[in-house]
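In numbering that gives the first Met the number 0, the protein residues as written are 0 to 1111.
Treat the hints as calculated values from the structure; they're not laboratory data. None of the values given here were measured: they were computed from a predicted structure. Please note that a few of the clues may not be correct.
[Stated by the list, open to error] Calculated cross-link-like contacts (lysine-lysine; reagent style DSS-like; alpha-carbon spacing at most 27 Å):
| id | residue 1 | residue 2 |
| --- | --- | --- |
| 1 | LYS604 | LYS1111 |
| 2 | LYS629 | LYS651 |
| 3 | LYS104 | LYS306 |
| 4 | LYS629 | LYS618 |
| 5 | LYS618 | LYS604 |
| 6 | LYS271 | LYS306 |
| 7 | LYS1050 | LYS604 |
| 8 | LYS641 | LYS604 |
| 9 | LYS641 | LYS629 |
| 10 | LYS13 | LYS43 |
| 11 | LYS651 | LYS638 |
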Amino acid sequence: MTDHEKLVDILRRKPGLRAGQIAPEIGCTRQHVNSLLYGSLASKVWQDSNYRWWLADDAQARKGPPERTSATLPQDSRHGRLCRYYLDCLSREELGEVSVFASGKHGLDYIELDTLPLLGDQVVTGLARHMHDLKQRSRPRASSVALYLGYPVRLRWQHAQSGWMGFFVEPVFLFIFDDSKLDTGDAPDIDPIPSLNPAVVKRLSTTDGALGGLYETIALAEELGFSGEHGQLPDFEDVVMRLISIRPQWDWLEQIDPYNLSREPALCDASKRGIYNRAVLLATERPRYTRGLETELAELSRLPVSKLKGTALGDWLSDVPPHKSHPEPDSLLEVVALNPEQRQAVQQGLSNPLTVITGPPGTGKSQVVTALLANAAMHNQTVLMASKNNKAVDVVVERTNGLGSRPLLLRVGKDEHHDALSMYLSELLAGQVSADDRSEFERRLAGLRSLGEQQAALDTELDQVTQARNLTERLAEEVHYLRAELGHEVFAAIRHRDMSAFQTQHEALEQALRRASPKQAGRLTELFWFCLARRRMAVLAQAAQRLEECVQPHVGSPDQPPEWPHRAQWFDYCNKLLQRADQIQAVRAYFDAMRQLQSLRTPEKIAAERGDISDDLLKESQALWRLWLKLQPDRLSPKQRKAIADFHSTLKLVIEARSSDSPTRSRIWAQYYRLLPEVSSALPCWAVTSLSARNRVPFTPALFDLLVIDEASQCDIASALPLLFRAKRAVIIGDPMQLRHISALTAVQDQQLREMHLNWPDSESWSYPVNSLFDRAQGLASSGDMLALRDHHRSHADIIEFSNDNFYTQSLRIATRYERLNRPAPPQTAVRWIHVSGQVRQPPQGSAVNEVEVQTVVEELRSLVVERDYRGTIGIVTPFRAQADRLRAAVFDDEQLSEQLLNAELLVDTVHAFQGDERDVIFFSPVVSSGVTDGALRFLSGNGNLFNVAITRARSSLIAVGDLRFAMTSDISYLAAFARHCQNLASAELDSQQARADFGPEYPQVQRPDMVSDWERLMYRALYAEGMRPVPQFAVDQYNLDLALFSGTRKLDVEIDGEQHRDWNGELCRRDQMRNQRLIELGWDVMRFWVCQVRDDLHGCVARVADWAGGK
């Protein structure tokens, strides 16, 4: 029996097999099977959309051969229109098209290959060498270059308006490489999932326009089986053969055979337009979107509105605000230390449909995400964590999984993530839990609840202090004018006088005054008033006399007798007497409030105790978390355990299949996607970069309880829609003052597209080029859904204060711990500007270079690293690509310097490369000086956010190297302000070693007299008079203490409550708490006095300080 006959017989007995399944049945290669199916048997067989083969006369199974379909346009629903709008936006930006010159004077951006790596591993070693060669050729732009494997290849002829004529190389299918292993000498990884190159499809499409080309690409992907059921991806050889059969009109020039590539003539010498049987490795600019986004948007657009119900995306598109789907938890597991804003963000994220968190630099966004993930897992919620920024995902994964011996956040995407996941599942299934582990968990859980209750009690106590302080200050303001009117001695004496009879006499006079007025009496009393008047006037006089004896100073009674004819004088006297009595009562109420305030514990003592409890809470939370992870195998139901075991087995097959040409690979991936939702309840937290979710995370509505997107200010809305579809609720984290989403789409283009697609009034809020995902989330959130993180922990105060003033409206609280900063020696100001006047030149490729700045940066870097042997991390940042390239080359041209920098994690780049990163020392090269172009100045003027990112990467030292005078006089407002900031710091620099000297009895001249109140001066004089020697404005970390005292090794900070703060609100309280806690950690005792105490009990205040000095 011939192979032809065997194949027909097999399909008759086993219809619906794929080519890879038929090959072992007849004992030949899949290549031979395909040659028969597409050759001599073409008229006798047909293939369905899943690449399964049937005999042509199999009427029962046959549902008709696959017909070429036009692209399915989105439904006329809001989400359908929105998806179509974003697809149109993407097509206008021509994202993802891969095309390089076929020949060139300066070398080629591609290499022709002898064999196709996908069909075997025989060329992997050579492939790595070719990739390295291409990288070397692209070195000046290496950071923005991506490497692709392409097959087959089309040559496209172009005659440009400039007169240039030539061919472009455009692969039909593209495979993306992970070239990160090249530097280590390992074989590169290749993504086995092919992508159609829009550059080819669009130009061969019969549909007009850019959007038509994009839809044609999507439709063709569906025909080829790329958009079917997850995991059902066909073998590549089958895909190629299918493409030839369904697009015969394309300009195929050579016989397409992936096993036997053509070599002659070389593509650079070819003279005909068309598709060649060639495989190439090529380097081109990285596309900003992966191939999966357009496909998922197209799929999403075709879904009925009902499919969006219960998803975060459905909520975003609904006009009705959603209700909370989870109650807010009573308590949190603080696996990382949380401040009040972070704690509130976590609580809301666990319950609110939408939570929007603004996270300026160094405010602990990753801590919020870590705590959110841990608490979500504890509350049986599933989470998908995503970001467009790989580094943001890596930071959260590392921080979260570093809290225990077993990971919580499982990363999907690259192959190494599959390896880690497989290892974790193996450990989970083998995990053993003892009875002691269970009882220990319950014991620690009870202890954690007890600590939470203690913490809540302290918060209540602090609230009582705050209310008492604010009441006292309000009453003090009300009686302030009486100090002069009554006299200091009388005013002070009211504090101690007996008020027991005062109220009685006050009420008696009020009653006597009412009875002495006939108009306030009844009608019968008024008729007989001539009989009652004398007696009632006498009673009035007696009541007035008794109250007069209680009032100091006396009001003074009238000279006339208390008789009816003189009633006006006596009524006036009594009213004044009552008014004076009211004043005395008000003063006494103030003193009573002050006495109550003094009876309460001070905020410093409460803060110290709360700090101890917070430390215990953190330790207990982390211990409880480790136990929770350890008990994870114990919580698995039999069904979950089986699903995990099946998933683990499937994952191992996935790992094995990636290194071989496995015909069962598609079935393995299908099993992977089928099981992933089943194991999500047992493995609750998953992480992925937003552009790799396709074919990594099932496209299933509301699969996760919560979606967390970090760095959302850089994220476009379009790429988030498929993620929002996969979740029920969303937490969106970003900072509009840092890097933002950037689009090449013009305002005119965007307006035209919105008018074409979006037919609702607020469509501009969904604008692709104008609004980031963070912007859209802010517009959808209510005020209660939005929070801002405000405690900054990264940079020296001199660094972050500039951003705080110019970008964050002084909203940040600086909590940086200086002992953790790796500061260069000898000590210098944290922010310096080294003035050099250079000449700006524009290289042929554009951008800007300032050679004087380059050389000065290298000299300063050499001084820091070589001469002073600084061992911290270092970055050099500049706004211009050409300057970054020149700086990098200059640094590495200095062999001694570059060798010394091996452990400095040196990064020399433009601002975008530094987002999410930080260094101990940052050099900033602004470039602008004489000769700078107007275009460069416009670029800088419109990108203040880039500058904010640049300077806030610095932890301990920020050194600007450039033309100071040019900067100060430029129209770049933020740069001019920063230059002034540097000058002010330089002129205000004092000796860092402040002497504990005797400044004399009068308050001395200080650096910041505008920060000194009269009450500080008064306290200084009083302390000095008692033999103590306070030091005003003593610097500790970023704080200037009001008054510092020293007694041996003991240190005391004396703080006077600011009189200007009439209400000590939550913000002031929080700042003071942070300050107190930090000083206590540094070994200081803290003593705070309210203004009312200094004003009205100065002796008592001084006595308290004296007791401290005496060791009491």
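These are the hints, each one checked on the structure:
Note on LYS604 and LYS1111: the hinted pairing holds, with a Cα-Cα distance of about 16 Å set against a maximum of 27 Å. Under the criterion of a C-alpha separation no larger than 27 Å, the hint pairing LYS629 with LYS651 is consistent with the structure, at around 24 Å. Our distance criterion of 27 Å between C-alpha atoms is broken by LYS104 and LYS306, whose separation comes to about 55 Å. Distance check on the hinted pair: LYS629 and LYS618 sit about 17 Å apart at the alpha-carbon level, within 27 Å; holds.
Under the criterion of a C-alpha separation no larger than 27 Å, the hint pairing LYS618 with LYS604 is consistent with the structure, at around 22 Å. Of the pairs offered as hints, the one joining LYS271 and LYS306 is violated, with about 49 Å between alpha carbons and a cut-off of 27 Å exceeded. The hinted pair formed by LYS1050 and LYS604 meets the criterion: a straight-line CA distance of about 16 Å does not exceed 27 Å. A distance of roughly 54 Å separates the Cα atoms of LYS641 and LYS604; the hinted pair therefore is violated under the 27 Å criterion.
Using a Cα cut-off of 27 Å, the hinted pair LYS641 and LYS629 holds, with the two alpha carbons roughly 19 Å apart. For a cut-off of 27 Å, the pair hint linking LYS13 to LYS43 stands: about 15 Å separates their Cα positions. Our distance criterion of 27 Å between C-alpha atoms is met by LYS651 and LYS638, whose separation comes to about 20 Å.
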